[in-house]
Amino acid sequence: MDDGLTPKLQWRVARVVDSEPETESAQTIGLAVPGWGGHLAGQHVDLKLTAEDGYSAQRSYSLSRPADGERIELTVQQIAHGEVSPYLTGVRPGEEIELRGPIGGWFVWRPVEQARILLVAGGSGIVPLMAMVRQRIVMGSTEFRLVYSVRSPADVYYAQELGHLERDCDWLRVAVVYTRTATPQTARPPGRVGSGDLAVPGWTPDDGLRVYVCGPTGFVESVTTKLIGQGHRPSALRTERFGPSG
Amino acid sequence: MMTELTHVDGNAAAGAFAEVLGFDVTTATLTCAGCGRFGPFAESHVYHRAPGIVVRCPGCDHVLARLVQTPTDVWLDLRGAQSWHIPFPSTRSPVGCAPQTSWTRWGDCTNIAVISSTW
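Top line first, the protein sequences correspond to chains A and B.
Residue numbering for the first sequence follows this note's numbering, beginning at 3 and increasing consecutively.
Residue numbering for the second sequence follows this note's numbering, beginning at 95 and increasing consecutively.
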C-alpha cells in the first residue's frame with residue numbers, strides 16, 4: 003500500500019461523486035481523485051475553497067473509509083457559522099474541490115499490527131476511527147473496542163453499519179456514551195465520558211493495548227487524562243484533536 | 095465549565111509542513127529547546143487560527159516551529175526545536191524492523207525562508 007508520503011504533497015482537483023446525509027447536520031461525501039494511490043486508516047486530507055476574489059480557506063477532514071480505487075470518502079459536520087463546512091455539506095455531484103493528501107503517518111492503524119485496539123471517539127471524531135474499523139473488516143486479526151461519545155442518538159454517525167458490525171463481528175464491541183439524551187433502554191444516565199466508560203471488560207492497560215482518541219480538544223484532554231490515570235502508558239496513546247473552526 | 099481550548103495538534107499542521115518539507119512531519123520526534131522534552135510532532139499543540147501556524151511544546155508551551163505562508167513564499171522558523179528526529183517512511187523498512195532514522199540539527203538556525211515553487 004502506498005503510504006502517500008512521497009512524492010511531495012500537492013494540491014489537486016477532486017470531483018464530488020455523491021453526497022448523502024449522515025445525520026441532520028453531517029454529510030458523507032464521496033470524491034473521485036485522479037491518481038489517488040491509496041491511504042492508511044486514520045489519515046486525513048486538506049480541502050481548499052477559493053473565492054472569486056482569490057481568498058481561500060483550508061480545513062482538514064479525516065477519511066472515513068479505505069480508498070475504493072480513486073474514490074475516497076469523508077464525513078463533514080456542519081458547524082454553525084463555519085466558513086467551509088456549510089459549503090461542503092451542500093456540495094452536489096459533479097462539483098470540484100481542491101484537495102491535498104493523504105496526510106499524517108502518526109494517527110494511523112496498520113492491519114499488520116497485533117496490539118489490541120481501543121478506539122475512543124468524541125462526536126465527529128468517529129470519522130478516522132471508523133476508517134480503522136472498516137479497514138479491520140477487510141484485513142487484520144486483532145480485537146477492537148469502540149467507545150463513542152455523542153450528545154444524543156440522532157447524532158450517531160454510521161449507526162446502522164455499527165449496529166450490524168457489532169452483531170456480525172466477534173472482534174468488535176461498541177459502547178455508545180450519550181452525553182445529553184440517551185435512548186429509553188440505556189441504563190447509563192447521560193453524561194460525559196467517565197473512567198468507568200473507558201474500562202474495557204476483560205482488558206487491562208498492561209495487555210499491550212493501543213488506544214486511539216479523536217475528538218474536540220477538550221474531549222481528548224479529558225479522556226487521555228483518565229486513561230493515564232487508569233495506568234495506560236502515554237506511549238500507547240495516539241490522539242487527534244480538532245478545533246471549533248468549521 | 096471547561097474553558098474552550100483553542101489549540102489542536104500537530105496532525106492539523108501536517109499538510110502545510112509536508113507541502114514545504116516534502117515528508118510527513120507527524121512522526122518526527124522534536125526536542126524542545128525550552129524544556130528538553132521530546133515527543134512526536136503529532137502531539138504538539140498547534141495554533142492555526144491566525145495568519146500563520148504556531149507549533150508549541152505540549153509540556154512548556156515554548157514555540158517549536160512557525161510557518162507563515164504569503165501569496166508567493168513560505169516562511170519557516172524551526173529554531174524552537176533543538177533537533178528533529180525523522181523516521182524514514184515505514185514502507186522502506188521491513189515490517190518488524192526498527193525504522194532507520196536520520197538526524198537534522200537546527201540549533202544554529204535563525205529564520206529559514208523556504209521558497210516554494212508550487213505557490
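The hints are simulated quantities; they were obtained by calculation from the structure and are not laboratory data.
Do not rely on the hints blindly, as some may be mistaken.
Going by beta-carbon spacing under 7 Å, a handful of chain B positions derived as facing chain A [unchecked claim]:
id, residue
1, 99
2, 112
3, 118
4, 127
5, 128
6, 130
Each pair of labels, with its calculated beta carbon distance range [to be verified]:
id, chain 1, residue 1, chain 2, residue 2, range
7, A, 113, B, 164, 51 to 59 Å
8, A, 117, B, 99, 25 to 33 Å
9, A, 96, B, 155, 40 to 48 Å
10, B, 99, A, 203, 44 to 52 Å
11, B, 155, A, 232, 37 to 45 Å
12, B, 116, A, 73, 50 to 58 Å
13, B, 155, A, 169, 42 to 50 Å
Built from N, CA and C at the ideal position, the CB exists for glycine as well.
Going down the list of hints, with the structure as the test:
no.: 1; hint: 99; in the structure: holds (4 Å)
no.: 2; hint: 112; in the structure: holds (5 Å)
no.: 3; hint: 118; in the structure: holds (4 Å)
no.: 4; hint: 127; in the structure: violated (21 Å)
no.: 5; hint: 128; in the structure: violated (19 Å)
no.: 6; hint: 130; in the structure: violated (17 Å)
no.: 7; hint: A:113 / B:164: 51 to 59 Å; in the structure: violated (42 Å)
no.: 8; hint: A:117 / B:99: 25 to 33 Å; in the structure: holds (29 Å)
no.: 9; hint: A:96 / B:155: 40 to 48 Å; in the structure: holds (46 Å)
no.: 10; hint: B:99 / A:203: 44 to 52 Å; in the structure: violated (31 Å)
no.: 11; hint: B:155 / A:232: 37 to 45 Å; in the structure: violated (27 Å)
no.: 12; hint: B:116 / A:73: 50 to 58 Å; in the structure: violated (27 Å)
no.: 13; hint: B:155 / A:169: 42 to 50 Å; in the structure: holds (47 Å)
Checked against the numbered hints above, the structure violates hints 4, 5, 6, 7, 10, 11 and 12; every other hint is satisfied.
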